[in-house]
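Number of protein chains: 2
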Amino acid sequence: MASTLLVEQHPIYELIFSRRDVRRFLSRAVPEAALKRILTAAHHAPSVGFMQPWNFIVVRDPAVKVKVKGMFSAENSKGARRFRGKRRALYEGLKLEGITEAPINLCVTCDPKRFGPHVLGRNTIRRTDVYSTCCAVQNLWLAARAEGLGVGWVSILRNDKLKRILGIPPGIIPVAYLCVGYPVEFPDRPELESVGWSPRLSLDRLIFLDRWGCLAP
Amino acid sequence: MASTLLVEQHPIYELIFSRRDVRRFLSRAVPEAALKRILTAAHHAPSVGFMQPWNFIVVRDPAVKVKVKGMFSAENSKGARRFRGKRRALYEGLKLEGITEAPINLCVTCDPKRFGPHVLGRNTIRRTDVYSTCCAVQNLWLAARAEGLGVGWVSILRNDKLKRILGIPPGIIPVAYLCVGYPVEFPDRPELESVGWSPRLSLDRLIFLDRWGCLAP
Numbered sequence: 024m025a026s027t028l029l030v031e032q033h034p035i036y037e038l039i040f041s042r043r044d045v046r047r048f049l050s051r052a053v054p055e056a057a058l059k060r061i062l063t064a065a066h067h068a069p070s071v072g073f074m075q076p077w078n079f080i081v082v083r084d085p086a087v088k089v090k091v092k093g094m095f096s097a098e099n100s101k102g103a104r105r106f107r108g109k110r111r112a113l114y115e116g117l118k119l120e121g122i123t124e125a126p127i128n129l130c131v132t133c134d135p136k137r138f139g140p141h142v143l144g145r146n147t148i149r150r151t152d153v154y155s156t157c158c159a160v161q162n163l164w165l166a167a168r169a170e171g172l173g174v175g176w177v178s179i180l181r182n183d184k185l186k187r188i189l190g191i192p193p194g195i196i197p198v199a200y201l202c203v204g205y206p207v208e209f210p211d212r213p214e215l216e217s218v219g220w221s222p223r224l225s226l227d228r229l230i231f232l233d234r235w236g237c238l239a240p
Numbered sequence: 024m025a026s027t028l029l030v031e032q033h034p035i036y037e038l039i040f041s042r043r044d045v046r047r048f049l050s051r052a053v054p055e056a057a058l059k060r061i062l063t064a065a066h067h068a069p070s071v072g073f074m075q076p077w078n079f080i081v082v083r084d085p086a087v088k089v090k091v092k093g094m095f096s097a098e099n100s101k102g103a104r105r106f107r108g109k110r111r112a113l114y115e116g117l118k119l120e121g122i123t124e125a126p127i128n129l130c131v132t133c134d135p136k137r138f139g140p141h142v143l144g145r146n147t148i149r150r151t152d153v154y155s156t157c158c159a160v161q162n163l164w165l166a167a168r169a170e171g172l173g174v175g176w177v178s179i180l181r182n183d184k185l186k187r188i189l190g191i192p193p194g195i196i197p198v199a200y201l202c203v204g205y206p207v208e209f210p211d212r213p214e215l216e217s218v219g220w221s222p223r224l225s226l227d228r229l230i231f232l233d234r235w236g237c238l239a240p
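Chains Z and P, in that order, give the protein sequences.
Sequential numbering from 24 applies to the first sequence in the working numbering.
Sequential numbering from 24 applies to the second sequence in the working numbering.
Among the hints, erroneous ones may be present.
[To be verified] List of simulated lysine to aspartate or glutamate pairs, EDC-like, C-alpha gap at most 16 Å:
no.: 1; chain 1: P; residue 1: Lys88; chain 2: Z; residue 2: Asp233
no.: 2; chain 1: P; residue 1: Lys92; chain 2: P; residue 2: Glu124
no.: 3; chain 1: P; residue 1: Lys118; chain 2: P; residue 2: Glu216
no.: 4; chain 1: Z; residue 1: Lys92; chain 2: P; residue 2: Asp233
no.: 5; chain 1: P; residue 1: Lys118; chain 2: P; residue 2: Glu208
no.: 6; chain 1: Z; residue 1: Lys59; chain 2: P; residue 2: Asp183
no.: 7; chain 1: P; residue 1: Lys92; chain 2: Z; residue 2: Asp233
no.: 8; chain 1: Z; residue 1: Lys118; chain 2: Z; residue 2: Glu98
no.: 9; chain 1: P; residue 1: Lys59; chain 2: Z; residue 2: Asp227
no.: 10; chain 1: P; residue 1: Lys92; chain 2: P; residue 2: Asp227
no.: 11; chain 1: P; residue 1: Lys186; chain 2: Z; residue 2: Glu98
no.: 12; chain 1: Z; residue 1: Lys90; chain 2: Z; residue 2: Glu124
no.: 13; chain 1: P; residue 1: Lys90; chain 2: P; residue 2: Glu216
no.: 14; chain 1: P; residue 1: Lys101; chain 2: P; residue 2: Glu115
no.: 15; chain 1: Z; residue 1: Lys90; chain 2: P; residue 2: Asp233
no.: 16; chain 1: P; residue 1: Lys90; chain 2: Z; residue 2: Glu31
no.: 17; chain 1: P; residue 1: Lys184; chain 2: P; residue 2: Glu115
no.: 18; chain 1: Z; residue 1: Lys186; chain 2: P; residue 2: Asp233
no.: 19; chain 1: Z; residue 1: Lys59; chain 2: P; residue 2: Asp227
no.: 20; chain 1: P; residue 1: Lys59; chain 2: Z; residue 2: Glu31
[What the hints assert, rightly or not] On the chain Z side, residues computed to face chain P include the following (Cβ under 8 Å):
no.: 21; residue: Gln32
no.: 22; residue: Asp84
no.: 23; residue: Gly102
no.: 24; residue: Thr151
no.: 25; residue: Phe209
no.: 26; residue: Leu215
no.: 27; residue: Leu232
Think of the hints as simulated: they come from the structure by calculation, not from any bench.
Backbone N, C-alpha and C fix where the C-beta goes; we use that ideal spot for every residue, glycine too.
Please put together the full structure from these sequences, using the hints given.
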């Protein structure tokens, strides 16, 4: 595979190819210094108008995790019902979060009003503040991989309920709820690929030249 | 500054701290192999339900760039009018894009219907498909930095007009319009920080423990 060639170019490629959405964690604690480093990585993400709209709620309290896990379980049952037959069975066999096992949960939020109502560069595409927050998540995810830490993004949550559990004020947007800890393993491939849920797409078919649909020669 | 300590941990930290939103480009061409590597990095981003919702429109045609630049200029004039006095003057002195100078422009899009209407993990937070696409952009941005390539995100555009210029079908969401090329420089600090538009926030004040507003001890 091409990635063998790429990793020789720079260590970033090895991080990118070996980063996984981790759902199985060891109980080993995350060192404070490592947590601070990955949060510093997040904080150095790009942001529209340099607004740095993010906050980081570090969740360590087991009682809070249990509430979030309960909400996940309810929503995940509803999610499973959208699929039928073999796909339903496959879905129900997947482990889609590690909320209570992970030593740390991390909610990354976006404050759209930071530095006032007008943000340089945000006048036409309003959600670029959330986009910036996603870039911060990806910085954190790659830095965590470099630290040997696994990160799992739990997307099967209801933001209204999450805001109540974490006391997040109106107007603040929860963007990502992450589980962070040392992983049982970093598998070679994404789990949804290895269990046959979806294939890795061919990159060449996703690249167009100058206009949508024009494949590069 | 703390970053000196961090860069010794792993090369990723140096990339993260020295990545910039680049608006001034050299005319030097981007090697095909380097472009392919950074697109491969983007394609290995996490995605909700492993849906890989992205496409990459590589824009090389100067006529297309000129159309996009014209649209930027109109929207940027409107954006400037949101600010007054010194801030208005500061805004008008900023260079906020490098569309026509950059050898490559790159539009990164999101297809919310890839692999069908139901996406594993997207039943509650619908825009996680766009969030995945933002993670792809950040992978590309960091890989580009490792290649010595600069990336600038042009957010002052209207997506409806951009879709017409690039022939993007209804339903497909343009997420990022990037300029890519070798930069004149990678400045030490973000330009909006060094010109005094906004300060870098203190990370410690952005971190809460277990609940919004609870500063860690």
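Hints and how they fare:
The hinted pair formed by Lys88/P and Asp233/Z meets the criterion: a straight-line CA distance of about 9 Å does not exceed 16 Å. Restraint check: the Cα-Cα separation between Lys92/P and Glu124/P comes to about 10 Å, which is no more than 16 Å; the hinted pair holds. Of the pairs offered as hints, the one joining Lys118/P and Glu216/P holds, with about 14 Å between alpha carbons and a cut-off of 16 Å not exceeded. Distance hint between Lys92/Z and Asp233/P is fulfilled; the C-alpha atoms sit about 15 Å from each other, no more than 16 Å.
A hinted pair counts as satisfied when its Cα atoms are at most 16 Å apart, and Lys118/P with Glu208/P qualifies at roughly 14 Å. The straight-line distance between the Cα atoms of Lys59/Z and Asp183/P is roughly 41 Å, outside the 16 Å bound, and the hint therefore fails. This hinted pair checks out: Lys92/P and Asp233/Z have alpha carbons roughly 15 Å apart, not beyond 16 Å. This hinted pair checks out: Lys118/Z and Glu98/Z have alpha carbons roughly 14 Å apart, not beyond 16 Å.
With a C-alpha separation of about 9 Å, the suggested pairing of Lys59/P with Asp227/Z holds against the 16 Å cut-off. Annotation: proposed proximity of Lys92/P to Asp227/P is violated, straight-line Cα distance about 39 Å (limit 16 Å). Straight-line distance between C-alpha atoms of Lys186/P and Glu98/Z comes to about 35 Å, which puts the hinted pair past the 16 Å bound. Under the criterion of a C-alpha separation no larger than 16 Å, the hint pairing Lys90/Z with Glu124/Z is consistent with the structure, at around 14 Å.
As the CA atoms of Lys90/P and Glu216/P are separated by approximately 30 Å, the hinted pair breaks the 16 Å bound. A C-alpha spacing of about 11 Å is found between Lys101/P and Glu115/P, which places the hinted pair at or below 16 Å, so the restraint holds. A threshold of 16 Å between alpha carbons decides the hint, and for Lys90/Z with Asp233/P the separation of about 12 Å falls inside it, so the pair holds. Restraint check for Lys90/P and Glu31/Z: the C-alpha separation of about 39 Å exceeds 16 Å, so the hint is violated.
The suggested pairing of Lys184/P with Glu115/P is violated, with an alpha-carbon distance near 23 Å, which exceeds 16 Å. Proposed proximity of Lys186/Z and Asp233/P is supported: the alpha carbons are some 12 Å apart, at most 16 Å. Only pairs whose Cα atoms come within 16 Å are accepted, and Lys59/Z paired with Asp227/P is accepted, the gap being roughly 9 Å. The suggested pairing of Lys59/P with Glu31/Z holds, with an alpha-carbon distance near 15 Å, which does not exceed 16 Å.
For Gln32/Z, the suggested interface contact is upheld, since its CB lies about 6 Å from the closest CB of chain P, less than 8 Å. Hint on Asp84/Z holds. Least Cβ distance to chain P is approximately 5 Å, under the 8 Å limit. Checking Gly102/Z against chain P by beta carbon gives a least distance of about 5 Å; that is within 8 Å, so the hint holds. Given hint, Thr151/Z at the interface with chain P, holds; its Cβ is 5 Å from that chain's nearest Cβ, closer than 8 Å.
Taken as an interface hint, Phe209/Z does not check out: its beta carbon lies about 13 Å from the nearest beta carbon of chain P, beyond 8 Å. Interface hint at Leu215/Z: satisfied, since its Cβ lies 4 Å from the closest Cβ of chain P, which is below the 8 Å cut-off. Annotation: interface hint on Leu232/Z holds; nearest CB of chain P at approximately 6 Å, less than 8 Å.
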